[in-house]
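Enquirer: Letter by letter, the chains look like this.
2 protein chains.
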Amino acid sequence: MIGREIDQLIALLARLPGLGPRSARRAALYLLNHRDQIMVPLAESIEAAASAIGPCSVCGNLDTVDPCSICADEARDRQSICVVETVADLWALERAGSYRGLYHVLGGTLSALDGVGPEDLAIPKLISRARSNGGGEVILAMNATVDGQTTAHYIADKLAGSGAEISRLAHGVPVGGELDFLDDGTLVAAMRARRAL
Amino acid sequence: MIGREIDQLIALLARLPGLGPRSARRAALYLLNHRDQIMVPLAESIEAAASAIGPCSVCGNLDTVDPCSICADEARDRQSICVVETVADLWALERAGSYRGLYHVLGGTLSALDGVGPEDLAIPKLISRARSNGGGEVILAMNATVDGQTTAHYIADKLAGSGAEISRLAHGVPVGGELDFLDDGTLVAAMRARRAL
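Protein chains in written order, with my numbering: chain A, 22 to 218; chain B, 22 to 218.
Think of the hints as simulated: they come from the structure by calculation, not from any bench.
C-beta atoms are modelled at their ideal positions from N, C-alpha and C, and glycine is treated no differently.
Be a bit skeptical, because a hint or two may be false.
A few chain B positions that, by computed beta-carbon distances, are all more than 12 Å from chain A [stated by the list, open to error]:
no.: 1; residue: 184
no.: 2; residue: 187
no.: 3; residue: 194
When the alpha-carbon atoms are kept at most 25 Å apart in a straight line, the in silico SDA-like pairs for lysine to any residue are as follows [unchecked claim]:
no.: 4; chain 1: A; residue 1: 146; chain 2: B; residue 2: 146
no.: 5; chain 1: A; residue 1: 179; chain 2: A; residue 2: 145
no.: 6; chain 1: B; residue 1: 146; chain 2: A; residue 2: 55
no.: 7; chain 1: B; residue 1: 146; chain 2: A; residue 2: 51
no.: 8; chain 1: A; residue 1: 179; chain 2: A; residue 2: 190
Produce the entire structure from the sequences given, and follow the hints as far as they go.
Expert: And the structure:
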């Protein structure tokens with residue numbers, strides 16, 4: 022546009038999810054027009070986060086300490102491991118606030134198409150964690166997609182005989198959901214898993 | 022969420038136009054997962070832009086040099102000043118590539134409601150620029166909104182008798198526009214300003 026610095030800033034902003042070339046230009050101008058309130062603090066914040074935050078060597082969560090604050094929290098149920106695809110899923114479950122056990126972040130799903138095998142994910146680590154946990158619960162909280170459920174089945178197979186109790190999230194009508202707008206698969210799952218009132 | 026650093030990063034990202042709290046979380050995770058490719062370069066790029074880029078003292082454009090590279094470009098038509106509301110509008114006209122004169126960035130529009138008067142914008146500076154330009158052209162390229170057109174009329178009034186030739190952008194059917202989807206005001210303007218083929 023006008024200079025190398027602005028062009029580079031726009032190009033980098035445009036690579037963030039949710040921002041395209043046009044909104045990256047708007048964001049760059051907004052930054053330049055709010056230098057002291059946002060631009061300088063944002064640069065410092067990104068730098069601080071980049072140097073301070075890293076993956077937990079136990080569960081794969083992102084934190085400033087290793088093991089992460091969830092793995093280190095003695096008040097949590099250490100017999101329970103909730104397996105999620107990504108840190109975003111872990112954050113979502115933490116926001117929901119009903120689960121008080123530990124986590125295990127796989128880093129994705131198995132995918133024959135993309136050439137992602139078990140050794141590309143944190144699956145071997147999960148198996149050894151579950152084995153050493155002896156008799157605890159492993160909750161498979163993968164997304165309800167084909168890849169997510171394939172990965173869940175693979176892990177369930179691998180954990181068979183390890184002594185771990187294996188469960189998965191319930192499928193059904195989302196809270197606030199209207200039947201008319203739900204897909205058939207969800208309705209079938211909700212009907213099958215109906216509960217006595 | 023998990024730590025002060027991440028919370029602060031998400032809060033700052035959420036203030037960018039086009040990003041809300043949810044997309045700011047996604048962007049923060051994306052940054053943390055692409056540390057070397059994007060996160061560190063982005064922090065450096067924001068910092069470089071913040072320290073290198075400032076407003077041009079002549080026209081208000083943003084650039085690393087002052088006067089800006091447009092004001093300093095001797096190949097441009099120095100008799101023509103195109104008045105725009107914001108730097109984003111200047112960029113849009115530069116992308117279009119048909120204008121080869123100078124610019125003047127007002128920094129907004131007059132607005133009685135928001136208490137924005139002529140002295141809050143670069144209007145006095147524009148008047149003196151146009152006067153010293155003697156007989157050049159002033160193109161009023163404000164947005165076709167009520168505030169934009171009010172500002173254009175105010176400036177046209179102030180420039181009357183300065184010797185400057187005053188023009189405004191044409192109103193009409195946008196290229197690629199379908200009549201059926203255009204508002205009545207645009208159709209009336211396009212009909213009134215029809216041209217012989």
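Enquirer: Evaluate each hint against the coordinates.
Expert: Verification of the supplied hints:
At roughly 31 Å, the least C-beta separation between residue 184(B) and chain A is larger than 12 Å, which holds for a residue marked as non-interface. Every CB of chain A is more than 12 Å from the CB of residue 187(B) (nearest about 27 Å), matching its label as outside the interface. Listed as a non-interface residue, residue 194(B) keeps its Cβ farther than 12 Å from every Cβ of chain A; the least gap is roughly 22 Å. Restraint check for residue 146(A) and residue 146(B): the C-alpha separation of about 67 Å exceeds 25 Å, so the hint is violated.
Proposed proximity of residue 179(A) and residue 145(A) is supported: the alpha carbons are some 9 Å apart, at most 25 Å. Proposed proximity of residue 146(B) and residue 55(A) is supported: the alpha carbons are some 23 Å apart, at most 25 Å. Annotation: proposed proximity of residue 146(B) to residue 51(A) holds, straight-line Cα distance about 24 Å (limit 25 Å). A hinted pair counts as satisfied when its Cα atoms are at most 25 Å apart, and residue 179(A) with residue 190(A) qualifies at roughly 19 Å.
Of the numbered hints stated above, the single one contradicted by the structure is hint 4.
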